[in-house]
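What follows is each chain in one-letter form.
There are 4 protein chains.
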Amino acid sequence: MSIDATTLAALADQAIELPSWAFGNSGTRFKVFGTPGTPRTPEEKIADAAQVHKYTGLAPTVALHIPWDKVDDYAALRRFARDHGVDLGTINSNTFQDDDYKFGSLAATSESARRKAIDHHLECIEIMNETGSRDLKIWLADGTNYPGQDDIRRRQDNLAASLAEIYANIGDDQRLVLEYKFFEPAFYHTDVPDWGTSYVQVAALGERAMVCLDTGHHAPGTNIEFIVAQLLRLGKLGSFDFNSRFYADDDLIVGAADPFQLFRILYEVIRGGGYGPGSPVAFMLDQCHNVEDKIPGQIRSVLNVQEMTARALSVDTAALEAAQRDHDVLLANEILMDAFYTDPRADLAAWRETRGLPANPMKAYLASGYQQQIAADRVGGTQAGWGA
Amino acid sequence: MSIDATTLAALADQAIELPSWAFGNSGTRFKVFGTPGTPRTPEEKIADAAQVHKYTGLAPTVALHIPWDKVDDYAALRRFARDHGVDLGTINSNTFQDDDYKFGSLAATSESARRKAIDHHLECIEIMNETGSRDLKIWLADGTNYPGQDDIRRRQDNLAASLAEIYANIGDDQRLVLEYKFFEPAFYHTDVPDWGTSYVQVAALGERAMVCLDTGHHAPGTNIEFIVAQLLRLGKLGSFDFNSRFYADDDLIVGAADPFQLFRILYEVIRGGGYGPGSPVAFMLDQCHNVEDKIPGQIRSVLNVQEMTARALSVDTAALEAAQRDHDVLLANEILMDAFYTDPRADLAAWRETRGLPANPMKAYLASGYQQQIAADRVGGTQAGWGA
Amino acid sequence: MSIDATTLAALADQAIELPSWAFGNSGTRFKVFGTPGTPRTPEEKIADAAQVHKYTGLAPTVALHIPWDKVDDYAALRRFARDHGVDLGTINSNTFQDDDYKFGSLAATSESARRKAIDHHLECIEIMNETGSRDLKIWLADGTNYPGQDDIRRRQDNLAASLAEIYANIGDDQRLVLEYKFFEPAFYHTDVPDWGTSYVQVAALGERAMVCLDTGHHAPGTNIEFIVAQLLRLGKLGSFDFNSRFYADDDLIVGAADPFQLFRILYEVIRGGGYGPGSPVAFMLDQCHNVEDKIPGQIRSVLNVQEMTARALSVDTAALEAAQRDHDVLLANEILMDAFYTDPRADLAAWRETRGLPANPMKAYLASGYQQQIAADRVGGTQAGWGA
Amino acid sequence: MSIDATTLAALADQAIELPSWAFGNSGTRFKVFGTPGTPRTPEEKIADAAQVHKYTGLAPTVALHIPWDKVDDYAALRRFARDHGVDLGTINSNTFQDDDYKFGSLAATSESARRKAIDHHLECIEIMNETGSRDLKIWLADGTNYPGQDDIRRRQDNLAASLAEIYANIGDDQRLVLEYKFFEPAFYHTDVPDWGTSYVQVAALGERAMVCLDTGHHAPGTNIEFIVAQLLRLGKLGSFDFNSRFYADDDLIVGAADPFQLFRILYEVIRGGGYGPGSPVAFMLDQCHNVEDKIPGQIRSVLNVQEMTARALSVDTAALEAAQRDHDVLLANEILMDAFYTDPRADLAAWRETRGLPANPMKAYLASGYQQQIAADRVGGTQAGWGA
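Protein chains in written order, with full-length UniProt numbering: chain A, 1 to 388; chain B, 1 to 388; chain C, 1 to 388; chain D, 1 to 388.
Keep in mind that the hints were calculated from the coordinates and are not lab data. It is possible that part of the hints are untrue.
Computed far set for chain D versus chain B, every beta-carbon distance over 10 Å [unchecked claim]:
{"id": "1", "residue": "Ala-15"}
{"id": "2", "residue": "Val-32"}
{"id": "3", "residue": "Gly-85"}
{"id": "4", "residue": "Glu-165"}
{"id": "5", "residue": "Gly-171"}
{"id": "6", "residue": "Ala-219"}
{"id": "7", "residue": "Thr-222"}
{"id": "8", "residue": "Phe-226"}
{"id": "9", "residue": "Met-337"}
{"id": "10", "residue": "Ala-376"}
{"id": "11", "residue": "Gly-381"}
A few chain C residues facing chain D, derived, Cβ under 10 Å [what the hints assert, rightly or not]:
{"id": "12", "residue": "Ala-10"}
{"id": "13", "residue": "Lys-102"}
{"id": "14", "residue": "Leu-252"}
Cβ coordinates follow ideal geometry from the N, Cα and C atoms, glycine included.
Let's have the full structure, built from the sequences with the hints guiding it.
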C-alpha cells in the first residue's frame, strides 16, 4: 500500500464543486466548437454534473452562474439537483456580458453602471437565499485597455464602495468571495489583478469576505503555493478555482499543465489547515473544455485533484520538518518528492470499490452510454455556452 | 525643425496596409461589444478603410480575409476600392473558424483536414490573381491543448508538405508569407510558435516564401528588434503585423503599450534595409478595437507608426556608430534616445498640409461627420466581425 | 514653452537619493568588471555622489549600506558629506553576504540566524541615530531554492516576529521600509515576493512601517503603476528604488528600458499625492552600472527621472478626467500621450541655468575632468563593490 | 514490474556528462557560499565527478572548462580520469571572464576582442586533440545592456565570421556546438538569444556544427519539447545542458522545478531519435549547487534524468498514436500521463543491483564517508569556483 488508511480517511471528506458552465460550449475569441449532446438548460447542465459525482463520489455540488442559469423556480431547480444526487452550490455573478458594462461594473466610473452591477449582486443574494448557497463569488472583468482610459485610483475607491453595499446584504451564514485575475479581458489595467488587491478589499469588508484564488490567474512564474500559505495565514482563503495553464488563463484541465505545481499547492493547503471538515476553503473547478469532451473532462479533473491530494497527504511531515531544521536541503526536497512520485492510483481504485464506486470512473462513464444518449436526445434548442 | 527634409522625403514613401477586419466588431472570449455604424459588407469595410487613407495619406491598400471578405466579383470589388482611393492588398487565409479544423489544418493529422486547408489556400491564390494581390498571408491556429494530444514532429512534417503544395501554386510575382505566434488559440503546443520555425519552413520552400512578424506574437521579454535584424539579414522578413500588447496577444493600437519598443523596431527595420522603395517588407496593421472606435483607432495607429518612423529616421547614425566603436555606452544610448525623445508632431503637421492633408487627421476625421453618417445609414443587416 | 511655470516650480522640490553602492563595482554572477577611479572608501563614494548633485541639483542625499559603509565615526562622515554639499540618507541593512544567512535571516528557521539578523538591524538603528537618517530600508534575500527545503508558512511567522522586534526599536521620527522582490537570489520561494506580502507585514507593525517598491522587482507584465496607486491609497508607499529592466532584476539605468512605463508610474505618483513637499514617498535610485561609467550613469538616471516627472506634471488632468467620464477612450489616451510625447529638454536646460546649474549636466560633468582625476588619484587599495 | 525489460535494456546505454564546474563553488551576484571539501584543482573535480559515476553508473565522462581546468599535461589528466573510472568529455570555452571581453567576444565590434576570442577557441581545439574530446561547446555572454550600445546586425555578421574561422579548424571527428540563451549577463540584447539564431549560425557552418539546448535558457512559457522535436527534425540537436528553473536561468537540479516538463522533453528526444547508441545528442548537466552539497546534488540530478527516461521509454506509443489519429484528446493525454505517473523507482533499484550498483546511490554515497574525507583533506589552497 502506498496510500495509508489515514490518508484514505482524509480523502473521504473531499468535495469539489463543479461549475455548471463547464458543461456548455466554450472556446477562444477565434472559435467556439460545439459538441453533440451539449446541454440546453440549467437542468441539463446539472444532470451532466451529477454524472461526474455518480462515478467519482467527489463532486456533490454544482455552482450556478447568473444570469446563465436563471430559472423561475430555484426551489424546483434544487429539488431537481437533489433528485440527481447533487446539490446547488456557489452563486457566480456576471457583469461582463452586458453592453452596459463595457467600461466596467462595480469599479466603473459611470454611476449607472455601478448601480446596475450592485443591483445584480443583490439579486444574486436573493437567489442564494432560495438555493441555500453559502458563497457569492465575484469575478470582475473591470479594467481598461489603454493608459489614461480611466482613473485607476478612483476605480479602486468605487470598487470598495460597491462591495461594501453588497456585503451589507450578505446573510450571516453567507460569504462574499472576491476573485482576482492578472489580465484579460482588460489589457492595460485590471481593477482586481492580484491577491493583494483582493485581500485589501475583502479585509475592509469584514469576516465573511474572503479571497478566491483561481490557479490560472497569475503572472508567469508566480509561486502560487506561497499565496495559498499567506492567505491561509491571514484567514482569508475562501475558495479555489482549479484549472491549469501553460501560458495565460488557458483554463485547461486541472493538473494537466504542471502536476507538480498542483501537488505543491495542495501540500500548502493541507499544511495551512485549509483541508478537511473545519476548513473555510471551498474547492471548485473552473475550466474550459474547448477540444475535449466535457463530462469526462470534468471526471479527469476531479480525479487529478483526488490523486494529487492523496500524494500531498502522504508527505512524511515529521521527517520533513526534521530535515528542514537540519538544513539538509537535498533530504528535505527528497522527502517531498517521494510523496509526489508515489503512484496512488491502484490503491485509490481499490478503495473506490469499497465505497461502491467504480475502480476506474473514467472507463465506467464511457461505458455507460450516457454520452451517446445525450447526443441523441439533445437535438434542437440552443446549446448552452459561456454566453448562453 | 526637429525633422529634416531627408526624413520627410523618406516619409513620403510610407505605406501601411489596413486589415479589413479591423473595421468589424472584435473582442475577447468573454464579450464582443458592437458599435453603431459597423460595416456589414466587404464594401463597407473598404469604404471605412478609405477614410483612414483620406485623412492620413498613409494607408493606400486594404488586406482581405477569406472567407470573411468573399464576394462574387473581385474585379468589381477592386474597382470599388479604387473608386474610394485605395487598392486591394494582401489576401489572408482562414483555417480556424470551420469545425473541420478543430484539430488543425495544414499541420493536422487528419488527411481530409489538410486537404481542405490546402484547397482553401489554392482558392485564395485564385482570388489573388483576380485582386492583383502580391502576398498570401498564412496564420495558422494549429496546435494542441494537452501533452500527448497529437504528435508534434509529425505535424511539422505535415505542415512542410502542405506548404510545399501551396507554394507550388504561387505565381512568379506572388509571395507566401508565414506568420508565427507564441500561443493562442492552442494552449499546449503551437505548430508555428516562433520565428525560427517560420524561417525553417519558408526557407525550405524557396525565394518567394517569407516570414511575417506580428509584434504581439512573442513570449514575454522577447527582443523583437533582434528578430527584425536577423530576418532582414537572412533576407526573409516579408511583412509586419503591427499592434501592441502589455500581456499576451492583446492586439492593442500599435505604439500604445510600449512606444520605445516600436521605435527600436523601426530603427532596426531602417538599419537593415527594410524601409523604402526597394524593400521587400510589407507593413500592415493587425489590431482589435474592442472598446474604442474603429476608424479613428486605425488613424491613430498609422499616425503612431508615421511619427515613430520619423523619429527612427532622425537617428544620427554616423555619430552613433562612432560612439559604438568607442564603446561609449552612455553616449551611444543618448544618441538613440535623443531621436526617440524628439517631438516630430508639429513638423509633421506642417508637412501634411503641404501635401494637401489635414494637419491633424484625427480631428479632421472626427469633424467630418462620417462616423455619424454611417451610424445613421448602417442600420439592419449583420454587422461584420471576426467571425462574420 | 512646452513646460509651464507650475511644472517648473513643482520640479524645484524634486530630490532623488543616490545609493552609495552605485559608485562601486557591480556586475553579474559571471563577472564584475572594474573601472579606474572606483571608490575605495565610503568617503570616496560620497564624494562621487556629490558630483551628481553638483551638476543636477537633484540628488541631495546619499543612502548607506551597512556593513559596506561602516565607519568608526558617523558624525564625521556626515560632516564630510555636508562639506561636499550632500547629506546622509536611508540606512540599508544587509543580511545576504554573511555565511550565517545561507538559509535566511529575519525569516530563517534557525533561531541564531534570526537573532543575528535582528541584532544587525538594531545596530543599523543606532547608526541611523548618529547619521540622522529617517528610514531603515530592509531588503531580504530570504527564500529557498527547492520545494520542501523549508516551511513557507513558518518562515512568514518568523518574519513577522523579527520585524516586530526591530520596529519596536525604531524612533518616533524614523520609519521601517520593507522591500519586496519577485525572485533572486532565491529561486523557488522568496519570503517577501510581492507588494501584498510587504503590505500585510508592515500593516501589522504600525504607522511608521511602509512598503518600498523597487521598479525591477516584479513578475513579467506586472502593472507597476497600479501598485503605486494602490499603495498610495492605503497610505503605505514609503519609497521607490528606481531602475529599469527588460528581463528580470536587471538594474539598468532608470527609464532606459521602458520610458513610457516610468512616465505612467510618475503620473500615478502625482495623481495619488505621492509627489511634493508633504509626500511620505522617498525617491531613490537602485541600479548597477556594469558596463557604463558610474557617475555619469547616475547623472543620466536622475535626469531621466526629472524629465519624465516634467512630462507627468504636464498632463492636462481636467481634460483627462472629462474624457474619462465621457468614455472617450481615444481622446483620454491621447491626452496622456500628448504629455509623454512632449519634449521638455530645452525648457529644462534653460530653467537649470536660471538656477545656477549647467544646461547640460552630463556634458558639464564630462568636461570637468573629475573622472580623469579620480582615475589618476585612486590607485591602490581595494575598489568598492557590491561585496566590498 | 512497472518498467519492462526493453526499457531497462535501453537505460543501460544512458550516459550523462558531468560539468567539472558543478563541483566548485557557485552562487549568485549577491553571494557565493563556500563548502568544506570543495575541490582546488581539476584533478579534485574529476575525482568528485568519478564518485557520481561510481554510485550511479550513469556519468562516465566529465566536461572541462577552459581556462578553469587548464593543466600542463592533458594526457596525464586523462590518465588520472581513467584511473578514476571516467573519461574526459566536452571542452567548454570561456569568453566572459576576461576584461577584454567586456563588450563582447566572437560578436564584438572590437577586432582585437574577436581575434583574442577566436584564438582562445583555436587553443581549445588543440586541447581537444590532446584530451580526445569530440565536442567544442560555445556559450557566449555577448550582448549589450542598452539600446544603441552596439549594432545588432553587425555583431551577427561578426559572429558568423568568427565561427567560420573556428569551424575551419575543427577536426573531422570533432563538432562545434553553439549554445543559446535568452538573456544574462547581457540585459538588453543577446547575440545568440534563441534556437533560431543558433540554428542559422550553425547551419551556415556545416554538418559538424550543431545546436546546444540548455533547458534553463528560454523565455517564460516556452515549449522546450517543441524545440527538441524541431531541432531533431532538422538534424541539428547536438547536446543538452540539463538543469531546471522556476524563473530565469536558475540552474537548479534537473527535474526539480517541473518534473513533467523533463518528462515531455525526454519523450520528444526518444520520439525524434535522439536517444540511444546512434544518436548525435550529448546529454550533459549544467547546474549550480548554491545551497546544497555538490556531489549528492549531481547524483540526484543523474538519477532524476534516469528515472524520467524510464517513464518516457514506457509510453505505449502504439496506443498513443491510435488515440491521436482518433482525435481522442482525453485518451491520448491519459496514455502519456499514465507513463509519467508510473513509479519506476523500485524496479530501477532492483535493476541497479543486478548491475553491481547500489540500489540507492544517494544513500550509498552518503554512507561512504567520502564527503567527510574530502572536508578533512582539502584544507588550504583556493577552492574552485565559477571564476577559479
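Comparing the hints with the structure gives:
1. For Ala-15/D, the shortest C-beta to C-beta distance to chain B comes to about 24 Å, beyond the 10 Å cut-off, and the non-interface label holds.
2. Residue-level check passed: Val-32/D sits 26 Å from the nearest beta carbon of chain B, beyond 10 Å.
3. Its beta-carbon lying about 37 Å from the closest one in chain B, Gly-85/D satisfies the requirement of being farther than 10 Å from that chain.
4. For Glu-165/D, the condition that its CB be more than 10 Å from all CB atoms of chain B holds, with the nearest at approximately 19 Å.
5. Every CB of chain B is more than 10 Å from the CB of Gly-171/D (nearest about 28 Å), matching its label as outside the interface.
6. Once the 10 Å rule is applied to beta carbons, Ala-219/D is inconsistent with being away from chain B; the minimum gap is 3 Å.
7. Residue-level check failed: Thr-222/D sits 6 Å from the nearest beta carbon of chain B, not beyond 10 Å.
8. Separation of Phe-226/D from chain B is inadequate, the least Cβ-Cβ distance of about 5 Å not exceeding the 10 Å criterion.
9. Against the 10 Å criterion, Met-337/D falls within the reach of chain B, whose nearest CB is about 7 Å from its own CB.
10. At roughly 46 Å, the least C-beta separation between Ala-376/D and chain B is larger than 10 Å, which holds for a residue marked as non-interface.
11. The beta carbon of Gly-381/D sits about 37 Å from the closest Cβ of chain B, which is more than 10 Å, so the claim that it is off the interface holds.
12. Interface restraint check: Ala-10/C against chain D, minimum CB-CB distance 29 Å, threshold 10 Å, status violated.
13. Given the 10 Å rule on beta carbons, the hint for Lys-102/C holds: about 5 Å separates it from the nearest Cβ of chain D.
14. Taking 10 Å as the C-beta contact cut-off toward chain D, the hint placing Leu-252/C at the interface holds, the least distance being around 6 Å.
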